[in-house]
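> Line order of the protein sequences matches chains A and B. Start counting at 1 in the first sequence, then tack on 1, and there's your number in this note's numbering. Start counting at 1 in the second sequence, then tack on 2, and there's your number in this note's numbering.
By construction, these hints were calculated from the structure, which means they are not laboratory data. Bear in mind the structure is a predicted one, so any value in this text is a computation, not a measurement. Backbone N, C-alpha and C fix where the C-beta goes; we use that ideal spot for every residue, glycine too. Incorrect hints may appear among the rest.
Stated by the list, open to error - Just the calculated beta-carbon pair ranges, DEER-fashion:
#1 B:Glu140 to A:Ile74: 54 to 60 angstroms
#2 A:Tyr170 to B:Thr18: 29 to 35 angstroms
#3 A:Asp65 to B:Gln93: 35 to 41 angstroms
#4 B:Gly134 to A:Ala81: 49 to 55 angstroms
#5 B:Arg68 to A:Arg132: 18 to 24 angstroms
#6 B:Arg88 to A:Ser67: 44 to 50 angstroms
#7 A:Lys172 to B:Glu140: 29 to 35 angstroms
#8 B:Pro85 to A:Gly104: 23 to 29 angstroms
So the chains spell out like this:
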Amino acid sequence: MDTKLEKIVQTLQEKFGATLEEFRGEAHVFVKPEHIIEALTLLRDAHEFALLSAMTAVDYWPQDASRPRFHVIYQLTSLARNLSVQLRVPVNGSRLKVPTATGVFAAANWREREIMDMFGIEFEGHPDPRRILLPDDLDGHPLRKDFPLGYEEPQFTFNFEEIDVRKPYVKE
Amino acid sequence: MGVEQKLGNMGVVTTTLETAVNWARTNAMWPMLFGLACCAIEMMAAQAASYDMSRFGMELMRPSPRQSDLMIVAGRVSRKMAPVLRRLYDQMPEPKWVIAMGDCASCGGVFNNYAIVQGVDEVVPVDVYVAGCPPRPEALIHGVLTLSEKVKGERFKDAAKA
Chain A
2 MDTKLEKIVQ TLQEKFGATL EEFRGEAHVF VKPEHIIEAL TLLRDAHEFA LLSAMTAVDY
62 WPQDASRPRF HVIYQLTSLA RNLSVQLRVP VNGSRLKVPT ATGVFAAANW REREIMDMFG
122 IEFEGHPDPR RILLPDDLDG HPLRKDFPLG YEEPQFTFNF EEIDVRKPYV KE
Chain B
3 MGVEQKLGNM GVVTTTLETA VNWARTNAMW PMLFGLACCA IEMMAAQAAS YDMSRFGMEL
63 MRPSPRQSDL MIVAGRVSRK MAPVLRRLYD QMPEPKWVIA MGDCASCGGV FNNYAIVQGV
123 DEVVPVDVYV AGCPPRPEAL IHGVLTLSEK VKGERFKDAA KA
């Protein structure tokens, strides 16, 4: 890890009780949901991380209930200092709420709507909490690991007739 | 050549109204510009100089459903796109036909998931299915000619029943 980044991570650890995991030289800083907005603001204002280059989430289902199921991930880039850091907010399965980062980075607006759409994680205080990609009437959140994979049975020659009976054809 | 020989010296040709109407329909069948994915690139190639679909009276891609006779569904239809597709189909004037171009439009292709409609025949009635991923322009032209054969066989009394 970069020595300049080490100092920044140390401040995050001291101020917010963040924990650090390193993977192939990349810093993953784990922050609690209640501290994420302060941490993002600190990085943006004091350390020139002006760019929220990616924001996404991961579902670690299935695993034991003691560990948080989702991680919300903020990938920050500092063009001025040539640094990159990843903030991760673990979210527990029972309370899927993270404060919105739209006040810090305007780019988070659509990213958060996408995470809401795909993972069902709620962002408190979001200015426009509508679905962004999926049809409004879709049930469930498709990027969750427990979302059913298939939507219709594929028809092959051996089961064509059998499935054709159930297939929803248009009535003109 | 052609029609002059049949005319003879009388300047008259006899045919049935059905044949004349179907001949007119097949030779000026204007498709709607409706590219949804990679199949649209092959559809463009079929329109362009090398393959030149205008040889079959399909030289005009209409950007408006109200001026088109044929909907070539070129590509996968997402579930969010499906209501739009149906709406465009409803806006086309009768008579109208649909070609499902490619595997995705015909049956969902490789995308069996929450996002893609498993064949546009769930949304609009399809006349011709063109297989391929994506089909080459020759395949699309073959599909169009198959449709032409189908239209030439249409009878007014059948249309009245439907």
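> Taking the hints in turn, state whether each one holds.
Structure-based check of all given hints:
{"no.": "1", "hint": "B:Glu140 to A:Ile74: 54 to 60 angstroms", "verdict": "violated (47 angstroms)"}
{"no.": "2", "hint": "A:Tyr170 to B:Thr18: 29 to 35 angstroms", "verdict": "holds (33 angstroms)"}
{"no.": "3", "hint": "A:Asp65 to B:Gln93: 35 to 41 angstroms", "verdict": "violated (55 angstroms)"}
{"no.": "4", "hint": "B:Gly134 to A:Ala81: 49 to 55 angstroms", "verdict": "holds (51 angstroms)"}
{"no.": "5", "hint": "B:Arg68 to A:Arg132: 18 to 24 angstroms", "verdict": "violated (31 angstroms)"}
{"no.": "6", "hint": "B:Arg88 to A:Ser67: 44 to 50 angstroms", "verdict": "holds (48 angstroms)"}
{"no.": "7", "hint": "A:Lys172 to B:Glu140: 29 to 35 angstroms", "verdict": "holds (34 angstroms)"}
{"no.": "8", "hint": "B:Pro85 to A:Gly104: 23 to 29 angstroms", "verdict": "violated (35 angstroms)"}
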